[in-house]
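S.K.: Chains as they are written, first to last, in my numbering: chain A, 1 to 144; chain B, 1001 to 1382.
Hint data in this document are derived by calculation from the structure and do not stem from the laboratory.
Just so you know, these numbers come straight off a predicted model, no measurement behind them.
Warning: the hint list may mix true and false statements.
[Claimed, not checked] So, partial list: chain B residues that the calculated Cβ filter (under 7 Å) puts toward chain A: (1) GLY1127; (2) ILE1129; (3) GLY1130; (4) SER1139; (5) LYS1147; (6) TYR1149; (7) ASN1186; (8) ALA1187; (9) MET1189; (10) ILE1190; (11) ALA1191; (12) TYR1192; (13) SER1236; (14) ARG1242; (15) ALA1245; (16) ALA1295.
We treat Cβ as the ideally placed atom computed from N, Cα and C, and that holds for glycine.
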Amino acid sequence: MTAETETPIESGAEPLVPFLKTGDNGPYLAGSKCGACGHVFVGERTVCAKCSARDRMEAVHLSETGKLYDFTVVHRSFPGVDTPFVDAIVDLDDGAHIKGTLLDVDPDPESIAFDMPVKIVYREAEPVNKAGTPYLTYFFVPAG
Amino acid sequence: MSDVYIVGIDMITFGRYPDRTVPSLAAEAALMALDDSGLSIRDMQALYCGNLGQASGMVGQRMLAEIGQTGIPVTNVANACATGATAFRDAWMAVKAGVYDTVLAVGVEQMGKGLLGGGSGGPSTEGLIGSGTMPAMFSHIGMEHTKRYGTTFEQFARVSVKNHHHSTMNPKSMYRKETPLEMVMNAEMIAYPNTKLMCSVNVDGSAAAVLVSEQKMKQLGLSARAIKVRASEMSSNPFEERQMAMPDFSSATRIAAARAYERAGLGPEDIDLVELHDCFATAEIVHYENLGLCADGEAGRLIDDGDTALGGRVPVNVSGGLLSKGHPLGATGIANIYEVSTHLRGEAGERQVEGARIGLTHVVGGGPGMGTACGIHILEKA
Ligand SMILES: [Zn+2]
């Protein structure tokens, strides 16, 4: 899987997941920050799973840079899915934690460094069960 | 409150039985456990039945239709990989509370081959937003251990070598083949660092146990081979920083383990053998530390030194574990209690852990975006 194009700001494709939004200034990832404990969640919510505070959530746009916390190289997936790919867990700079696919790296554990800086890019891609229908999604790529 | 004892327990040989039904697999184990106790289904006051695949299918009632419909209360439970342990614990609680003194717990599963995980309507995110497969989830857990402590691919692979070796001595195991280190490491890579031989086997299986109160055990004269339940504990996943990105199996295990050791008045140093949830080789390594079998960061050394092999300081998964014996989800949590009970009774034959007096069983399961269920039991020869 490669990524040749830059962010398709004008994408008319439907977002692949509910927390990916298409705003006036382009796509962004929606998050929620707890006003009581400060934890930043991916997606919209009203109650804090960490401190149980209710109605203290503030809607935020998630940070688009972070560090690679953990990864695995997936070689066997469901039928039709291109492999290998790098399944990554990223700690975003705002404190949120998010899973995604890391592009533009050699899918070899020896050449991927824990804690390497990454950034989020938005691209269109076709889900394995929706051939011919592109959806808007996000990927990680190495930063800097 | 009365102590609770296992007076009958057994499991069927794990394998693939595509021509059987789920209730018939459950019935077979139930009758074996009843025969092991010398009691009849007519003696049972309640049934707790664990199954995932047909969770809304009243498997317990359908099982009774095959072995005797006595009108007893049936509770059907589903709780991910802790399903069997949950059924067993519900049975334990019923006796502990004094509601019944003689109850039956059954766990059963009939599974297809192949990858577990993912699934649900709508466009698939697989490959585009990481992976929803079980191997990927558990590989993350191994890689997190690598990041923290430098644990190597070879150390994870040694878990699989050990458990496959153990299974050659277990006639009820799905597989009974030696898998040398090179074979494990060179097998098809599924999700690094787990190769195909480091993933548990999807099989069909069932296991069952008869639990009674102390008074009932004495009244029936069943003390000789009875197993005392020293602790029965469960937990769910507490909040963890990265829970939205990667499921957490360690915190729940640590909570349940701490409660179980406290309830039993024992510590990890008192445990003679362990059957833990090695759904993937990477999982066994992290659970050594989660269960307190070694200090944090020491799990790689533990496997290297052979401490967890048969004959070592604290043998782990002498049955062959989920990696080789097989992992029929709903049955696993009672099958591991069968394994430990068999050692405590001194009836494990070639794979007997010599002098085993106290053993621990552990299951933990769940999935991305769902949560975690963990069950731990500490057992002692009565
Ligand atoms: Zn909070």
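S.K.: Hint by hint, say whether it matches the structure.
M.R.: Hints, one by one, checked against the model:
no., hint, in the structure
1, GLY1127, "holds, 4 Å"
2, ILE1129, "holds, 5 Å"
3, GLY1130, "holds, 4 Å"
4, SER1139, "holds, 4 Å"
5, LYS1147, "holds, 5 Å"
6, TYR1149, "violated, 12 Å"
7, ASN1186, "violated, 13 Å"
8, ALA1187, "violated, 11 Å"
9, MET1189, "holds, 4 Å"
10, ILE1190, "holds, 4 Å"
11, ALA1191, "holds, 5 Å"
12, TYR1192, "holds, 4 Å"
13, SER1236, "violated, 12 Å"
14, ARG1242, "holds, 4 Å"
15, ALA1245, "holds, 4 Å"
16, ALA1295, "violated, 22 Å"
When the structure is compared with the earlier hints, violations turn up for hints 6, 7, 8, 13 and 16 and for no others.
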